[in-house]
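J.: Each chain, written out:
There are 2 protein chains.
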Amino acid sequence: MAAGLLVVLSGPSGVGKGTVCELLCHYRPSLQISVSLTTRPPRPGEVAGVNYDFTTPDRFKELISQDAFLEWAVVYGHYYGTLKETVDSCLARGRDVLLEIDVQGALQIRRRMPEAVLIFLAPPSMEALCERITGRATEGAEDIKRRLEAAQQEMAAYSHYDYLVVNDKVDKAAASINAIIEAEKCRISRGARPPGWGGEA
Amino acid sequence: MAAGLLVVLSGPSGVGKGTVCELLCHYRPSLQISVSLTTRPPRPGEVAGVNYDFTTPDRFKELISQDAFLEWAVVYGHYYGTLKETVDSCLARGRDVLLEIDVQGALQIRRRMPEAVLIFLAPPSMEALCERITGRATEGAEDIKRRLEAAQQEMAAYSHYDYLVVNDKVDKAAASINAIIEAEKCRISRGARPPGWGGEA
Chain A
1 MAAGLLVVLS GPSGVGKGTV CELLCHYRPS LQISVSLTTR PPRPGEVAGV NYDFTTPDRF
61 KELISQDAFL EWAVVYGHYY GTLKETVDSC LARGRDVLLE IDVQGALQIR RRMPEAVLIF
121 LAPPSMEALC ERITGRATEG AEDIKRRLEA AQQEMAAYSH YDYLVVNDKV DKAAASINAI
181 IEAEKCRISR GARPPGWGGE A
Chain F
1 MAAGLLVVLS GPSGVGKGTV CELLCHYRPS LQISVSLTTR PPRPGEVAGV NYDFTTPDRF
61 KELISQDAFL EWAVVYGHYY GTLKETVDSC LARGRDVLLE IDVQGALQIR RRMPEAVLIF
121 LAPPSMEALC ERITGRATEG AEDIKRRLEA AQQEMAAYSH YDYLVVNDKV DKAAASINAI
181 IEAEKCRISR GARPPGWGGE A
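Order-wise, the sequence lines are chains A and F. Residue numbers for the first sequence follow this note's numbering, beginning at 1 and rising by one. Residue numbers for the second sequence follow this note's numbering, beginning at 1 and rising by one.
Read the hints as simulated data drawn from the structure, not as lab findings. Possibly wrong hints are sitting among the right ones.
Think about it this way: if two alpha-carbon atoms lie no more than 27 Å apart in a straight line, the pair counts; the simulated BS3-like pairs of lysine-lysine are [as the list claims (entries may be wrong)]:
1) 172(A) x 185(F)
2) 84(F) x 185(A)
3) 17(A) x 172(A)
Construct the entire structure; sequences and hints are all you get.
T.: So, in structure tokens, the structure goes:
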């Protein structure tokens, strides 16, 4: 059985990764979404094991010291990470796995698993991203300034990715990501072979 | 304006390139099919400038000596080729161009234009390809034998391509090729950039 594909969907905070990811799962139900582990408290309506798994900072640090993470990052004071074991067991069973993670995490994956497919979700314009961040900020002018600066840095990381998809319309963005996954599965460098072809010439 | 993408659809004789190509054009009307030049006589129903452009062997050889071809090949005694000028002018205008050509031609493109996207259309099984070739042959047992041997050699070339698509169902194959084109247009190595992003960090 061919191993599954590891797909990383990433991009600046506020670009709409979650919404695109949700629609993508409708287009491609076989895709397994990896549930991240976090130390931030659950938001209203969030269910453990669905959106995130929740843990304490102490336990998270213990897992870091055990090298248990494929990637981890600190975002606005909270830890977020993806456990190696969860991802590896899915891929070994031939399932394609999607990680919806921040830019720091994606760059760690780039180094640790060069065969992963890295997709950068970009806003339709910098203005649109700024509006989105401004609308989302909860802690006043300082918070907004900090988030806008972070967004600039996150945007600059796009060149380390394989693909760029513009989140202009959610359905178009999800369809493009679906096409990228479909195409990657046809790549000969990933082991695509003619059925029943043993190489006899 | 970004230059267009050169897509090469190729595979063994009898695999069904023409049928897949036709459906693909319905899925992706912006795709420009490149019309090959050939010295073989038109088949019933073929229209010059639509299926092929037709010429004499002398004129074809003259064009070869002028290095006018992006690729050319001799298939069962007839010349087939793609003129550089036709393809280059389309790509420069930002149009994506599809070449539906044989394996010899595709390997020439690999060498001359490494940035081209090479897609190998494979039969669902070797048996299916043999049946197709046997049904198509018009010149008896010797002709069939020659064509089956050629098919084996053509199959062996798949490893030089970027993508492999199995022509199990025509609509599925055309959809996969459409996804490959969509994905390639999102590749950062091909120049995909965040809109309005100047790189300021």
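J.: When the hints from earlier in the document are held up against this structure, which numbers fail?
T.: 2
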